[in-house]
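*Asks:* Each chain, written out:
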Amino acid sequence: DGGITQSPKYLFRKEGQNVTLSCEQNLNHDAMYWYRQDPGQGLRLIYYSQIVNDFQKGDIAEGYSVSREKKESFPLTVTSAQKNPTAFYLCASSMPATDTQYFGPGTRLTVL
Amino acid sequence: GEDVEQSLFLSVREGDSSVINCTYTDSSSTYLYWYKQEPGAGLQLLTYIFSNMDMKQDQRLTVLLNKKDKHLSLRIADTQTGDSAIYFCADLVPGYALNFGKGTSLLVTP
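Chains F and G, in that order, are what the protein sequence lines are. Going by this note's numbering, the first residue of the first sequence is number 1, and it counts up by one from there. Going by this note's numbering, the first residue of the second sequence is number 1, and it counts up by one from there.
Isolated chain F, as found in the complex (with noise of 0.2 Å):
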């Protein structure tokens, strides 16, 4: 089946830790984006890629970081430096022919 798959599904950490939220995508897809949602907030965009080993900052990059070393792999990495990380992660990604973005099913990050 061709998607976009994250995991893990939930995601426990103790404040102070640096987590690493995988995304991978077997569409062939060229661009993928990071998002992070909050409840009554809608979603910003944290990093972008529009191409293997490019990637931009989003509204509200502060406190994480991206690698693309695979088209198919956009992992997040949420620091210790991000004060308020608790929120669930979407990742999506598109084909730049007409940019239509599919998500997959998202990732639960709780600090405790």
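Among the hints, a few may not be true.
[To be verified] Away from chain F, derived, C-beta distances all over 12 Å, residues of chain G:
(1) 11
(2) 14
(3) 25
(4) 69
[Unchecked claim] Far from chain G, some chain F residues (derived; all Cβ distances over 10 Å):
(5) 12
(6) 13
(7) 16
(8) 22
(9) 26
(10) 45
(11) 67
(12) 71
[To be verified] Subject to a maximum C-alpha distance of 30 Å in a straight line, what follows is the list of computed DSSO-like cross-link-like pairs (lysine-lysine):
(13) 57/F / 70/G
(14) 56/G / 68/G
(15) 14/F / 57/F
(16) 68/G / 36/G
(17) 56/G / 102/G
(18) 36/G / 57/F
(19) 70/G / 102/G
(20) 9/F / 57/F
(21) 71/F / 57/F
(22) 83/F / 56/G
(23) 9/F / 36/G
(24) 70/F / 57/F
(25) 68/G / 102/G
(26) 71/F / 36/G
(27) 57/F / 102/G
(28) 36/G / 56/G
(29) 9/F / 71/F
(30) 9/F / 83/F
(31) 102/G / 9/F
(32) 36/G / 67/G
(33) 67/G / 56/G
Read the hints as simulated data drawn from the structure, not as lab findings. Backbone N, C-alpha and C define an ideal beta-carbon position, used for all residues, glycine too.
On the provided structure of chain F, position chain G as indicated by the hints.
*Replies:* Below, chain G alone, put in the same frame as chain F:
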């Protein structure tokens, strides 16, 4: 990005039509999208419309776009309890990512 605004809540009876409204501010938007999110899940693409179109129909879904007023609506005919979810409007500005509204929670009552 520019603002995308939606009303936060809508309640309808099963079998009625639902209309969810959205306004956006960026005149360079090329595509406008509607996504559906069920509890604890990712976003599911429902439909999208190109900015030079006025209307798009897809089974029970009708999208209307008034580009002059920067107003987008999603009409769901014969609304069912399974349509209860959060609906997000988003616009695409070329060279950037999507701008999302905060979502409209649709509650369908029997």
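*Asks:* Now, for every hint given, state plainly whether the structure supports it.
*Replies:* Do the hints match the structure? See the list:
Against the 12 Å criterion, residue 11/G stays outside the reach of chain F, whose nearest CB is about 17 Å from its own CB. For residue 14/G, the condition that its CB be more than 12 Å from all CB atoms of chain F holds, with the nearest at approximately 26 Å. The non-interface label for residue 25/G is consistent with chain F: the shortest C-beta to C-beta separation is roughly 15 Å, beyond 12 Å. The Cβ of residue 69/G lies farther than 12 Å from every Cβ of chain F, with a closest approach of about 22 Å, so its non-interface assignment holds.
The claim that residue 12/F is not at the interface with chain G holds, since no C-beta of that chain comes within 10 Å of its own (minimum 16 Å). No Cβ of chain G comes within 10 Å of the Cβ of residue 13/F; the nearest lies about 19 Å off, and the non-interface call holds. Its beta-carbon lying about 27 Å from the closest one in chain G, residue 16/F satisfies the requirement of being farther than 10 Å from that chain. Non-interface status of residue 22/F relative to chain G is upheld: no Cβ of that chain comes within 10 Å, the nearest being about 14 Å off.
With a minimum CB-CB distance of about 16 Å to chain G, residue 26/F clears the 10 Å threshold, and the non-interface call stands. Residue 45/F, annotated as away from the interface, has a beta carbon of chain G within 10 Å; the closest lies near 5 Å. Every C-beta of chain G lies more than 10 Å from that of residue 67/F, the closest at about 18 Å, which supports listing it as non-interface. Residue 71/F, annotated as away from the interface, keeps every beta carbon of chain G farther than 10 Å; the closest lies near 18 Å.
Taking the CA atoms of residue 57/F and residue 70/G, the gap is near 27 Å; set against the 30 Å cutoff, the hint holds. Under the criterion of a C-alpha separation no larger than 30 Å, the hint pairing residue 56/G with residue 68/G is consistent with the structure, at around 17 Å. Distance hint between residue 14/F and residue 57/F is fulfilled; the C-alpha atoms sit about 26 Å from each other, no more than 30 Å. For the proposed pair residue 68/G and residue 36/G, the alpha carbon gap of about 26 Å is at most 30 Å, so the pair holds.
With a CA separation close to 23 Å, the supplied pair residue 56/G and residue 102/G stays within the 30 Å bound. For the hint linking residue 36/G to residue 57/F, the alpha-carbon distance of about 26 Å falls within 30 Å, and the restraint holds. Distance hint between residue 70/G and residue 102/G is fulfilled; the C-alpha atoms sit about 17 Å from each other, no more than 30 Å. For the given pair, residue 9/F sits about 24 Å from residue 57/F by alpha-carbon distance, which is consistent with the 30 Å threshold.
Among the hinted pairs, residue 71/F with residue 57/F is consistent with the structure: their alpha-carbon atoms are about 18 Å apart, no more than 30 Å. The suggested pairing of residue 83/F with residue 56/G is violated, with an alpha-carbon distance near 43 Å, which exceeds 30 Å. Among the hinted pairs, residue 9/F with residue 36/G is consistent with the structure: their alpha-carbon atoms are about 19 Å apart, no more than 30 Å. Distance restraint check for residue 70/F and residue 57/F: the Cα-Cα separation of roughly 18 Å lies within the 30 Å cut-off, and the hinted pair is therefore satisfied.
For the hint linking residue 68/G to residue 102/G, the alpha-carbon distance of about 22 Å falls within 30 Å, and the restraint holds. A threshold of 30 Å between alpha carbons decides the hint, and for residue 71/F with residue 36/G the separation of about 27 Å falls inside it, so the pair holds. Between residue 57/F and residue 102/G the CA atoms are separated by roughly 21 Å; this keeps the pair inside 30 Å, and the hint holds. Among the hinted pairs, residue 36/G with residue 56/G is consistent with the structure: their alpha-carbon atoms are about 17 Å apart, no more than 30 Å.
Under the criterion of a C-alpha separation no larger than 30 Å, the hint pairing residue 9/F with residue 71/F is consistent with the structure, at around 22 Å. Restraint check for residue 9/F and residue 83/F: the C-alpha separation of about 22 Å stays at or below 30 Å, so the hint holds. With a C-alpha separation of about 23 Å, the suggested pairing of residue 102/G with residue 9/F holds against the 30 Å cut-off. Simply put, residue 36/G and residue 67/G have alpha-carbon atoms about 23 Å apart, close enough for the 30 Å limit, and the pair holds.
With a C-alpha separation of about 14 Å, the suggested pair residue 67/G and residue 56/G falls inside the 30 Å cut-off, and the hint holds.
When held up to the earlier numbered hints, the structure conflicts with 10 and 22 and fits the remainder.
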